[in-house]
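Novice: Here is how the chains run, residue by residue.
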Amino acid sequence: MNKNQSIKDLVCKLILDIAPEADMQNLDPNEELREELDLDSMDFMNLLDSIAKQTAVNIPESDYSKVNSLQALTDYIASRS
Amino acid sequence: MKTLTMPSFGADMAMGSIVKWNVKPGDQVAKGDIIASIETMKGLIDMEVFDNGTIVALIADEGDEVEVGRPIAELQLSNEEYSDNKSEETLLREGSPNVAVNSSSSINKIPVSDASAGQTVTNKTSLETTDSLNKNVHVQITQQPKISPAARTKAIRLGIDWRLLPKGTGPDGALLLDDINIAKKTLAKPGSGHVKDPSEAMREAIAATVSQSKRDIPHYYLQLDIVLDKALKWLSIHNADLDPNKRILITAVIFSAIARALNAFDAFNGFYRDGHYQPADSVHLGNAISLRQGGLMVAAIHDAQRLGLVDLMDKITDQVTRARKGGLRMSEMQDATVTVSNLGDRGTDSIQSIIFPPQVAIFGIGRPRVMPWVIDNKLSCATIVSISLAADHRVSDGHSGARLLNKINKLLQTPEKLI
Chain A
1 MNKNQSIKDL VCKLILDIAP EADMQNLDPN EELREELDLD SMDFMNLLDS IAKQTAVNIP
61 ESDYSKVNSL QALTDYIASR S
Chain B
1001 MKTLTMPSFG ADMAMGSIVK WNVKPGDQVA KGDIIASIET MKGLIDMEVF DNGTIVALIA
1061 DEGDEVEVGR PIAELQLSNE EYSDNKSEET LLREGSPNVA VNSSSSINKI PVSDASAGQT
1121 VTNKTSLETT DSLNKNVHVQ ITQQPKISPA ARTKAIRLGI DWRLLPKGTG PDGALLLDDI
1181 NIAKKTLAKP GSGHVKDPSE AMREAIAATV SQSKRDIPHY YLQLDIVLDK ALKWLSIHNA
1241 DLDPNKRILI TAVIFSAIAR ALNAFDAFNG FYRDGHYQPA DSVHLGNAIS LRQGGLMVAA
1301 IHDAQRLGLV DLMDKITDQV TRARKGGLRM SEMQDATVTV SNLGDRGTDS IQSIIFPPQV
1361 AIFGIGRPRV MPWVIDNKLS CATIVSISLA ADHRVSDGHS GARLLNKINK LLQTPEKLI
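Chains A and B are the protein sequences, given in the same order.
The opening position of the first sequence corresponds to residue 1 in our numbering, with each subsequent residue numbered one higher.
The opening position of the second sequence corresponds to residue 1001 in our numbering, with each subsequent residue numbered one higher.
Derived by calculation from the structure, the hints in this document are not laboratory data.
As the structure is a prediction and not an experimental result, all values here were calculated from the model.
A virtual CB, placed ideally from N, CA and C, is assigned to each residue, including glycine.
Certain hints may be false.
Here are some chain A residues the structure puts well away from chain B; computed CB gaps all over 10 Å [unchecked claim]:
#, residue
1, Gln-5
2, Cys-12
3, Met-24
4, Asn-30
5, Asp-49
Here are the simulated DSS-like pairs of lysine-lysine, each with C-alpha atoms no more than 25 Å apart in a straight line [what the hints assert, rightly or not]:
#, chain 1, residue 1, chain 2, residue 2
6, B, Lys-1325, B, Lys-1230
7, B, Lys-1230, A, Lys-66
8, A, Lys-66, B, Lys-1325
9, A, Lys-53, B, Lys-1378
10, B, Lys-1230, B, Lys-1214
11, B, Lys-1031, B, Lys-1167
12, B, Lys-1146, B, Lys-1167
13, B, Lys-1378, B, Lys-1233
14, B, Lys-1325, A, Lys-13
15, B, Lys-1233, B, Lys-1024
16, B, Lys-1246, B, Lys-1230
17, A, Lys-53, A, Lys-8
18, B, Lys-1233, B, Lys-1214
19, B, Lys-1024, B, Lys-1230
20, A, Lys-53, B, Lys-1214
21, B, Lys-1417, A, Lys-66
22, B, Lys-1410, B, Lys-1378
23, B, Lys-1146, A, Lys-13
24, A, Lys-66, A, Lys-13
25, B, Lys-1417, B, Lys-1146
26, B, Lys-1246, B, Lys-1031
27, B, Lys-1230, B, Lys-1031
28, B, Lys-1246, B, Lys-1184
29, A, Lys-13, B, Lys-1246
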């Protein structure tokens, strides 16, 4: 649980680096992340890049559909790090 | 002598503030040197100089907010003959798409006459550029107060120069939204009523440009639905084992196809001025980048038709990042010969755009979508992207526009050739 929370915190921080105005407080973790925060494909790629650098979890394109919410993304990283 | 003026970095820019001068009177400058950092509605932009010469005087001070086209510095050109010919020509640098708001800009084109001399200048420039960039970073860290993004947006909207405010109430003296509200009340004194709200000024500048475009340019519109499956399949294989920052987005593939197709269609890549059309020598593809604080910035990808996909993707990533965080160069803001408006994968199915004068064409890329499609007389599923073209009927006809879109389609069916 602790591990998941710290991963979620890290992901939130990395999102804020890319989209400083993102309202993380009111984000439903199960909603579609890119839609909710207005992240374009470039933002999303930058996010995956910083996740790969910080956690060594490299999310391939073929798994994009498995990481489309904050919760799913957190779980995906947790299960592989 | 040549007067340098506040440059325009887009039709919607009305004002700019000098954040930092990198030069002082008496300094020698070479073409390409970054002489100032300019804060605009769209972030920090590096201003380059387009001549070799000596700075005689700085007319605007650091912190000054100056209207586009107003003088900010005097430059003594090193080549006097050239100076005599060009000093009165305070028009646009050839190749600049900014018209309405920038008619008095004095950035001129440098004739490239001596290749070896040009080489020397280039080497020198790169050293000085690095140096001045370092200075910029230093200045930003030491002189600019901290400010929250919300406070910054508010300050810009209210036309308050937050860099001049005393420390705020946030951590490390950071300026917060309340500090800006207080500053607004303090600054709201009689006599300041003539100062235009920057967001209002930006809206007016956009209005002037698009109205001029719609009034003067007889647009015609074409659209083609293009099957992307081959390009997407090729990309998924290419990207499979790559780190995220090495992956190529479908946007880059489409941009590449457009740039390469344009190379053989002169009538869509160039400038129409004073009743005369001049095709451009190369395709400087303007990428319309949406900014988080609202508004658009068009950054030119120079010589896009010559770039392979990997280089093109690097360029797009780099420019989008700099557009959003500050640090685009003036030449990138002004050189576009044609524009692409890309709604991205969460936009709408298609977009019909307004030409950015003096350009003569603009492409609109809709959201790729999976649809039922007939291929080889069989109904199947395909990923379709609608690419639109708005073009200037004074320069080209629908027939050639259609050929151009079909050429783009053809290039997208052999993505491996674009690498």
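Novice: Hints first: check each against the structure and report whether it holds.
Specialist: Verification of the supplied hints:
Interface exclusion of Gln-5(A) from chain B stands, the closest Cβ pair being 24 Å apart, more than 10 Å. For Cys-12(A), the shortest C-beta to C-beta distance to chain B comes to about 16 Å, beyond the 10 Å cut-off, and the non-interface label holds. For Met-24(A), the requirement that its beta carbon stay farther than 10 Å from each beta carbon of chain B is met, with the minimum near 13 Å. Remark: the non-interface label on Asn-30(A) is consistent with the geometry, its nearest Cβ contact in chain B lying 18 Å away (cut-off 10 Å).
Not every C-beta of chain B lies more than 10 Å from that of Asp-49(A), the closest at about 4 Å, which undercuts listing it as non-interface. Restraint check for Lys-1325(B) and Lys-1230(B): not satisfied, since their Cα atoms lie roughly 34 Å apart, outside the 25 Å limit. With a CA separation close to 24 Å, the supplied pair Lys-1230(B) and Lys-66(A) stays within the 25 Å bound. As the CA atoms of Lys-66(A) and Lys-1325(B) are separated by approximately 30 Å, the hinted pair breaks the 25 Å bound.
Distance check on the hinted pair: Lys-53(A) and Lys-1378(B) sit about 45 Å apart at the alpha-carbon level, beyond 25 Å; violated. Taken as a hint, the Lys-1230(B) and Lys-1214(B) pair is broken in the structure, with Cα atoms around 37 Å apart against an allowance of 25 Å. Of the supplied pair hints, the one linking Lys-1031(B) and Lys-1167(B) is violated, its CA atoms being roughly 39 Å apart against a limit of 25 Å. The straight-line distance between the Cα atoms of Lys-1146(B) and Lys-1167(B) is roughly 8 Å, inside the 25 Å bound, and the hint therefore holds.
Between the alpha carbons of Lys-1378(B) and Lys-1233(B) the distance comes to roughly 20 Å, so the proposed pair stays at or under 25 Å and holds. Under the criterion of a C-alpha separation no larger than 25 Å, the hint pairing Lys-1325(B) with Lys-13(A) is consistent with the structure, at around 17 Å. The hinted pair formed by Lys-1233(B) and Lys-1024(B) fails the criterion: a straight-line CA distance of about 55 Å is larger than 25 Å. Proximity of Lys-1246(B) to Lys-1230(B) is assessed by CA-CA distance (about 20 Å); at most 25 Å being required, the pair is judged to hold.
For the hint pairing Lys-53(A) with Lys-8(A), the CA-to-CA distance comes to about 16 Å; that is within 25 Å, so the pair holds. Of the supplied pair hints, the one linking Lys-1233(B) and Lys-1214(B) is violated, its CA atoms being roughly 39 Å apart against a limit of 25 Å. Restraint check for Lys-1024(B) and Lys-1230(B): not satisfied, since their Cα atoms lie roughly 55 Å apart, outside the 25 Å limit. For a cut-off of 25 Å, the pair hint linking Lys-53(A) to Lys-1214(B) is broken: about 48 Å separates their Cα positions.
Restraint check: the Cα-Cα separation between Lys-1417(B) and Lys-66(A) comes to about 31 Å, which exceeds 25 Å; the hinted pair is violated. The hinted pair formed by Lys-1410(B) and Lys-1378(B) meets the criterion: a straight-line CA distance of about 21 Å does not exceed 25 Å. At roughly 19 Å between alpha-carbon atoms, Lys-1146(B) and Lys-13(A) fall within 25 Å of each other, so this suggested pair holds. Our distance criterion of 25 Å between C-alpha atoms is met by Lys-66(A) and Lys-13(A), whose separation comes to about 20 Å.
For the hint pairing Lys-1417(B) with Lys-1146(B), the CA-to-CA distance comes to about 48 Å; that exceeds 25 Å, so the pair is violated. Restraint check for Lys-1246(B) and Lys-1031(B): not satisfied, since their Cα atoms lie roughly 33 Å apart, outside the 25 Å limit. As the CA atoms of Lys-1230(B) and Lys-1031(B) are separated by approximately 44 Å, the hinted pair breaks the 25 Å bound. This hinted pair does not check out: Lys-1246(B) and Lys-1184(B) have alpha carbons roughly 46 Å apart, beyond 25 Å.
For the suggested pair Lys-13(A) and Lys-1246(B), the alpha carbons sit about 22 Å apart, so the restraint of at most 25 Å is met.
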